[in-house]
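Chains D and H, in that order, are what the protein sequence lines are. Counting from 1, position 149 in the first sequence corresponds to residue 149 in the numbering used here; the numbering is continuous, with no gaps. Counting from 1, position 89 in the second sequence corresponds to residue 89 in the numbering used here; the numbering is continuous, with no gaps.
Note that these hints are calculated values from the structure, not bench results. Quantities reported herein were computed from a predicted structural model and do not represent experimental measurements. Worth double-checking, as some hints may not be accurate.
Partner residues are not named here, just some residues of chain D that face chain H (Cβ under 7 Å, in silico) [unchecked claim]:
#	residue
1	14
2	47
3	48
4	66
5	71
6	75
7	78
8	88
9	91
10	93
11	95
12	98
13	111
14	115
15	118
Glycine included, every Cβ here is placed at the ideal spot set by N, Cα and C.
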Amino acid sequence: MPSLWFASIITWLVQDFFQVLANPFSGIPDFYVLTLGMLLVSNREGKEIHLLVAAFVGGLLWDLRWGSPLGFSSLFYVSAMLAVKLIWGAISQTARTSLSATLLVLGSHICISIAEAFIFDAPILHIGLAFVVKQAGAFLFCIFMNAYIFHREMD
Amino acid sequence: MRDRKMVEFWQVGISLIAFSMVLMAVVGHQSSFDVRMRSFIYEGLRHLELPALALREGINRALVLSRDKRMFLEKIDSLQKENVALRMELNRDKEFSGSEAYEASPYLAAEGVNFLNATVIYRHPGWWWRYLTIDKGRDDGVKKGMPVLSGENVVGRVSIVEDATAVVELLTSPDLRIPVIVEDTRDIGVLSGDGKGNMSLFYMPRKAPLQRGMKIATAFAVGNFYPGLLVGAVDGPEEDFVEGDFVTYKVKPDIDFSRLRRVRILEVR
């Protein structure tokens with residue numbers, strides 16, 4: 001279990017690092033929720049609840065650091081995890097490939113970004129170039145996570 | 001066994017969602033608890049964020065390539081400081097010339113104006129046009145109500161002060177209403193934002209219409225706020241601009257509120 005919490009802390013700090021760099025010009029991919037989502041679909045039986053708690057705590061800390069209303073990001077993060085779990089459980093075993101895992105987690109990330117764009121009227125969240133760059137970054141990160149997780153499983 | 005784990009997963013998930021909603025409902029945004037907690041987290045993280053800040057500064061420096069350009073920027077900085085002092089002095093001259101108040105108040109030299117440079121440490125998209133938080137606070141001499149500038153233009157006013165951080169309420173916030181004066185006509189009105197990046201000038205007399213481009217400055221000294229500071233220029237009348245004897249005008253800021261990364265807090269000694 002330490003690896004899960006270690007991965008969570010590192011990813012949260014990486015996300016914070018990029019946010020400091022980009023602030024206040026651009027939004028950055030939610031590396032944290034992408035990592036937790038990929039871990040959730042990588043067949044880690046018995047660790048799902050820890051991932052939910054990590055999503056909640058990470059979201060709460062993100063709210064405290066970056067000025068969202070307390071509970072806002074944790075609500076999105078936990079909801080994304082539940083949605084990923086629900087859809088992942090609904091698809092057949094043969095369809096559970098690394099590609100479908102990537103698409104599912106990326107889909108949840110896009111949903112969070114769209115919801116934020118609708119709720120908040122800020123230029124950095126408008127659906128335009130910044131949005132596409134954010135999703136492209138998320139896609140690259142998912143591929144990286146995918147390669148790492150599934151490579152480890154195959155070894 | 002597996003089903004029980006699934007039930008537990010959903011129970012925990014729904015409980016956490018409910019708890020998040022309760023937190024959002026109970027802890028008011030920008031409440032003293034909220035700001036104090038955020039300041040505490042920032043204090044804890046600021047050392048871990050130093051590499052990112054150093055990298056950001058490095059990129060900024062790389063963009064300002066030559067020493068000549070850096071000297072040029074320093075010169076602009078000094079001239080802006082002088083301009084602010086002169087503008088405030090000019091305002092005093094126009095308002096109180098010949099009166100006792102004019103004689104009583106000392107001449108304001110550029111040396112009397114102090115800029116406290118601050119970096120924007122967060123600006124949440126939900127309050128993009130209302131608030132930003134800076135890395136200077138009570139320990140650095142920041143006081144509630146102080147004007148916050150970008151270049152020579154006012155961007156807002158310090159609204160909450162913590163030990164190491166402060167929250168700035170922007171001119172584009174609908175909750176901030178500041179008395180302003182049109183420099184050419186000396187008409188006094190109220191400036192307020194709409195929370196969407198626009199600003200309006202209210203209560204201008206209908207009889208004397210304003211021209212596009214007329215400069216608007218702050219009008220009165222209130223607490224730690226000072227008169228004579230530039231806020232923008234008249235951009236034209238609003239769509240439904242006439243209300244009785246008064247007219248509302250759109251105001252065009254001289255700065256880009258979306259690209260604020262560094263600001264200055266004005267202190268007059």
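Hints and how they fare:
With its C-beta approaching chain H no nearer than about 10 Å, residue 14/D sits outside the 7 Å limit, and its interface hint is violated. Hint on residue 47/D is violated. Least Cβ distance to chain H is approximately 10 Å, over the 7 Å limit. With a least beta-carbon distance of about 5 Å to chain H, the hint placing residue 48/D at the interface is held under the 7 Å criterion. The criterion of a C-beta within 7 Å of any C-beta in chain H is met by residue 66/D, whose closest approach is roughly 5 Å, and the hint holds.
At its closest, the beta carbon of residue 71/D sits 3 Å from a beta carbon of chain H; the interface hint therefore holds under the 7 Å criterion. Annotation: interface hint on residue 75/D holds; nearest CB of chain H at approximately 4 Å, less than 7 Å. For residue 78/D, the interface hint holds, the least distance from its beta-carbon to any beta-carbon of chain H being 5 Å, beneath 7 Å. Interface hint at residue 88/D: violated, since its Cβ lies 12 Å from the closest Cβ of chain H, which is beyond the 7 Å cut-off.
Checking residue 91/D against chain H by beta carbon gives a least distance of about 16 Å; that is not within 7 Å, so the hint is violated. This hint is violated: residue 93/D has a C-beta 14 Å from the nearest C-beta of chain H, more than the 7 Å allowed. Restraint check, residue 95/D versus chain H: the minimum CB separation of about 19 Å is more than 7 Å; hint violated. Given hint, residue 98/D at the interface with chain H, is violated; its Cβ is 23 Å from that chain's nearest Cβ, farther than 7 Å.
About 15 Å separates the beta-carbon of residue 111/D from the nearest beta-carbon of chain H, more than 7 Å, and the hint is not met. At about 12 Å, the closest approach between the beta carbon of residue 115/D and any beta carbon in chain H exceeds 7 Å, and the interface hint on this residue is violated. Interface restraint check for residue 118/D: the shortest CB-CB distance to chain H comes to about 11 Å, outside 7 Å, so the restraint is violated.
In terms of the numbered hints stated before, the structure departs from hints 1, 2, 8, 9, 10, 11, 12, 13, 14, 15, listed from lowest to highest.
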